[in-house]
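Assemble the whole structure, with the sequences as input and the hints as a guide.
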Amino acid sequence: MTGARRRARAEVLCASLLLLAGCAAPAGGPAGAPATPGPAPATQAVAPGSAAAPGFQDPAPSATGSAPAAGVVPTRVSVPVLGVDSGLEHLGLQDDGRIRPPSDWQSAGWYDRGVVPGATGPAVIAGHVDSPTGPAVFWDLADLAPGDEIVVTLSDGSTRTFAVDRALHAAKADFPTSEVYRSTPTPQLRLITCAGDWDPATGHYEDNLVVFASQVA
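The sequence shown runs -27 to -1, 1 to 190 under mature numbering (1 follows the signal peptide of the UniProt record, and there is no 0).
These are computed hints drawn from the structure, not numbers from a lab. Using N, Cα and C, we set each Cβ at its ideal position, and we do this for glycine too. A hint or two may mislead.
Per label pair, the in silico range of CB-to-CB distance [as the list claims (entries may be wrong)]:
1) Asp68 with Ala118: 15 to 21 angstroms
2) Asp147 with Pro173: 20 to 26 angstroms
3) Ala190 with Ala144: 30 to 36 angstroms
4) Gly169 with Asp77: 21 to 27 angstroms
5) Thr48 with His142: 26 to 32 angstroms
6) Ala43 with Ala174: 19 to 25 angstroms
7) Val124 with Thr175: 32 to 38 angstroms
8) Gly60 with Glu122: 14 to 20 angstroms
9) Gly107 with Glu179: 16 to 22 angstroms
10) His63 with Thr132: 28 to 34 angstroms
11) Ser156 with Gly107: 36 to 42 angstroms
12) Ala190 with Gly107: 19 to 25 angstroms
Rendered as structure tokens:
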């Protein structure tokens, strides 16, 4: 990440008066967007101390590809090149149909109605880009390059290693839901966080960043 980009993000944190820098579409999603499938998971802004939970958009129902392996779930994700090593929360759905975001700014979360990493299809792990006090778990996600490794530890003690294929930076209004969530013939991983410019009028980032990765071990 460039120094200019870090400074810009730091300025955003100050300018937003330490609100969570979210990136979800406003309630109901972009005008004309279908109710299902919705846009990609994205964090919604809340004021510090607010009881209202931020939300992630519900992924396409077809995203699961195959059922998670019985009894085996992911417990940690690490991205060595970024120094990320995080336990994984389980992210279900809120009443409004959005994926519940991680409750801890420094913890990523696995969408537990989707694919277990290592099973066929795209497993989804989401995390905050920043917090009321500074950078969050996926602050440096945009620095990943093709070939960088992501390691997921499962509850049976085994690991699955994924290599980054590419990253996609998309405006929420034009988010390629099918490309991100559609079923795949091989084990895949998606890391999702916020990106783009902070919009003080709406209280969230304008874009999403999605890292695509394929299992290599």
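Comparing the hints with the structure gives:
no.	hint	result
1	Asp68 with Ala118: 15 to 21 angstroms	violated, 39 angstroms
2	Asp147 with Pro173: 20 to 26 angstroms	holds, 21 angstroms
3	Ala190 with Ala144: 30 to 36 angstroms	holds, 34 angstroms
4	Gly169 with Asp77: 21 to 27 angstroms	holds, 23 angstroms
5	Thr48 with His142: 26 to 32 angstroms	holds, 29 angstroms
6	Ala43 with Ala174: 19 to 25 angstroms	violated, 47 angstroms
7	Val124 with Thr175: 32 to 38 angstroms	holds, 35 angstroms
8	Gly60 with Glu122: 14 to 20 angstroms	holds, 19 angstroms
9	Gly107 with Glu179: 16 to 22 angstroms	holds, 21 angstroms
10	His63 with Thr132: 28 to 34 angstroms	violated, 19 angstroms
11	Ser156 with Gly107: 36 to 42 angstroms	holds, 37 angstroms
12	Ala190 with Gly107: 19 to 25 angstroms	violated, 33 angstroms
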